[in-house]
Amino acid sequence: MFGSSARMVGPIAISTLYSGYGPRMAWIMEIIVIFSTLLLWYIFYRRMVPLRCAKRTVYGISDIDANHINPSENVEPSRIVEIYDAHL
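For what it's worth, our numbering labels the leading residue of the sequence shown as 1, then goes sequentially.
Nothing false has been slipped in among the hints.
Computed spacing ranges between beta-carbons, pair by pair: (1) 12 to 36: 15 to 21 angstroms; (2) 12 to 53: 32 to 38 angstroms; (3) 7 to 45: 21 to 27 angstroms; (4) 11 to 40: 21 to 27 angstroms; (5) 11 to 36: 16 to 22 angstroms.
Derived by calculation from the structure, the hints in this document are not laboratory data. Quick caveat: nothing in here was measured; it's all calculated off a predicted structure. Cβ coordinates follow ideal geometry from the N, Cα and C atoms, glycine included.
Given these sequences and hints, build the entire structure.
Right, here's the structure in full:
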């Protein structure tokens, strides 16, 4: 959600800054965004965990849980993750 809104707002904000204040203000804004991203990355580095995704099949469930879930039932994504984690 935030990535798509940033793709809409970012170019408009940068072009407004550029046309109103010149290239220096646009560069400063870009530097601020990059610096804040790196700062937050440094602050929260120890809380980051690797992303693990279950493999999906045609039925929308993983190969691991094929014996545990009926493919015709509506399965919550959290249930798929629980079964996937249990088999690791």
